[in-house]
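Student: Each chain is listed here by its residues.
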Amino acid sequence: MSKKKDDKRIIFNSEKEMPLVAMSLGSMLYNKTGAWRNIKPVIDLSKCIKCGICWKFCPDTSIDIVDEWPQVNYDYCKGCGICAEECPEKCIVMVEEEK
Amino acid sequence: MKKVIMGNHALSYGAMLARAQVIAAYPITPQTQVVELLSEMCADGTLNAKFIKVESEHSAMAACLGASMAGARTFTATSAQGLALMHEMLHWASGGRMPVVMGDINRAMAPGWSIWTDQNDSLSQRDTGWIQFYCSSNQEVVDTVIQAYKISEKLMIPSMVILDAFALSHTYEVVEIPEQAKVDAYLPPFNPPYRLSSDDPHAFGGLTAPEHYMELRYKLQKDMEKVPALVEETGREYEKTFGRYLGQVENYLCDGAELVFVTSGTAGYTARVVVDELRKQGIKAGNLRIKLFRPFPFEQVRTILSKVPKVAVLDRNISYGHHGVFYQEVKSAIYRQPVQPAIFGFIAGLGGRDIAREDFKEITDYTLKNNRPQEEIIWIGVKK
Amino acid sequence: MIEIRFHGRGGQGTVVASKILADALAKEGNFVQAYPEFGVERRGAPVFAFIRIDHQPIYDKSRIYNPDHVVVVDPTLVEAIDITDGLKDGGYIIINSPKKPEEFKFPDKFKVFTVDATDIAVRHKLGTLASPIVNTAIVGAVVKILKLAKLESLVEAIKEGVPLKPEENRQAAIEAYEKA
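These protein sequence lines are chains G, W and V, in that order.
1 is the number of the first residue of the first sequence in this note's numbering; add one for each residue after it.
1001 is the number of the first residue of the second sequence in this note's numbering; add one for each residue after it.
2001 is the number of the first residue of the third sequence in this note's numbering; add one for each residue after it.
Check before you lean on any hint, since a few could be wrong.
As the list claims (entries may be wrong) - List time: in silico BS3-like cross-link candidates among lysine-lysine, alpha-carbon distance up to 27 Å:
hint, chain 1, residue 1, chain 2, residue 2
1, W, Lys1003, V, Lys2159
2, W, Lys1002, V, Lys2150
3, V, Lys2111, V, Lys2150
4, W, Lys1280, V, Lys2088
5, W, Lys1003, V, Lys2150
6, G, Lys16, W, Lys1154
7, V, Lys2159, W, Lys1002
8, V, Lys2027, W, Lys1182
Everything labelled a hint here was simulated from the structure, so no lab data went into it.
Using the sequences and the accompanying hints, generate a full structural model.
Tutor: Okay, structure coming up:
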């Protein structure tokens, strides 16, 4: 999952090149919704019990499990805070974005 | 095999013979016995399908869409307010190019609460991108469901098979149930060009920017335009196997007629009886029954009606502030013709009021007496 | 074309009666159309069922206003409603009743027949005296009186279409057919 995503925009020059449905038009590859975020989740892995609840609850599938540990994908995390709310060990805190 | 069955069950048999794989339905009013029989068929193994009970019609369609995207042949049925609740999902079905086939029992919209027939429920869904077939007999219902899958899956556009509440849904008629082996030969298993699959992951229905959206709609319209020819082609193929032809319209004695009724649903069959009676009295009447409503069979309607001096369109529906929906369509079909018939728009039978043979007599008298309609809507049977 | 109207009360199986008759007639190659009262059914309330029979396809989907014959499944309806409403001259009135036809006062233009379907049903253990299931018996009589179908076709239709007590229902229909 740490593989770098290709963020090149997909452009079709005619309707004939296009799929029948809005299928993998690639919009999410360049439309990085993480930019909408005001606060971001920060995970303290030293307290994490690897229960996977944050991964399960994230409505935007923005928490990946990397080598058994949760990792936030900040490209797409919108900062809703559900992971922090649901974490049974309270090891996720929401921190104000600095930019 | 001949069987005496009601219209609701004609839909069920159609779905069974088409080997629907996933059936999702909300089982309470305004639902009818369509899904009751299907759930029994699923339970006793007659039909190898997953029956999903859901909490609303909106969810019923959503479940069908999920299954359809995964490559399953899906079926559902509803009526009136239930169809209205599905509205949003209807757009998802057509926009997502998922060939769901749905039965709709034409029931009038509440309030006042009604379980009786009129067409406002399905016609309110006119612009959702669904193919719409209106049936006049239980035989036609069974045959149309099977043919609808063939057309829908070829073009990846969903279809609605529509029949009048009670007048057909609860009416028993003799139906020739097609042989399963023959249906299987006519309708091969559903094999979509794309599907949800973990082997070949794609994101479906995602954000579509202005640079792409319009082309998707263009493609849907272009495929819609292919429907009339495909109805002919698949209809002829069906006729070869089963001996019954299902076209876009039924032309009953329209050629050379002085007056043609334009009808749909069960009234479209009663009209045939009236035409026979009028012919005996020396009035050259004909009946053009519209079977395919979306896309509208402009070509055929134009060809048939342009040679007729007077046309009486019967609508069991109303577009408030305008007039009957079929009337609009017929007028628009005729618009570019150099010689145009006088077209009269009648509204009758709303909320399940019977459209009797006597009502057609009133329509005939008015149409023959006047050169042009005296009002935009001529109401039949309103207690004034 | 023959058009028949059935009068019964909700819960008596009036609609089933018309369906059995339709099945029997279809077996002999007839075209049939049977439909119930278009509405909500309430137990005990007067209900209707209709049937059209023809040797050619039936296109008329409008309601039946002028039946050729009427069948009265529940005798109490004779007093309660006008069962002859719209009935054509010369029409047959077939009533489930222990009385003789001449005990009913109908205009001479109609022909009255009676069959004690309730008695037949109860003796064949179809329902109870208070709530008899008379539909198979009444259809047995109707088929005979109106010369609509052979007894064998009706027996066959009952075998296929009546899930509960098929043998009792068959016997009731046969007895009513023979007595009518």
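Student: Indicate, hint by hint, whether the structure satisfies it.
Tutor: Quick rundown of the hints versus the structure:
{"no.": "1", "hint": "Lys1003(W) / Lys2159(V)", "result": "holds, 14 Å"}
{"no.": "2", "hint": "Lys1002(W) / Lys2150(V)", "result": "holds, 18 Å"}
{"no.": "3", "hint": "Lys2111(V) / Lys2150(V)", "result": "holds, 22 Å"}
{"no.": "4", "hint": "Lys1280(W) / Lys2088(V)", "result": "holds, 22 Å"}
{"no.": "5", "hint": "Lys1003(W) / Lys2150(V)", "result": "holds, 18 Å"}
{"no.": "6", "hint": "Lys16(G) / Lys1154(W)", "result": "holds, 18 Å"}
{"no.": "7", "hint": "Lys2159(V) / Lys1002(W)", "result": "holds, 16 Å"}
{"no.": "8", "hint": "Lys2027(V) / Lys1182(W)", "result": "holds, 23 Å"}
Checked against the numbered hints above, the structure violates none of them.
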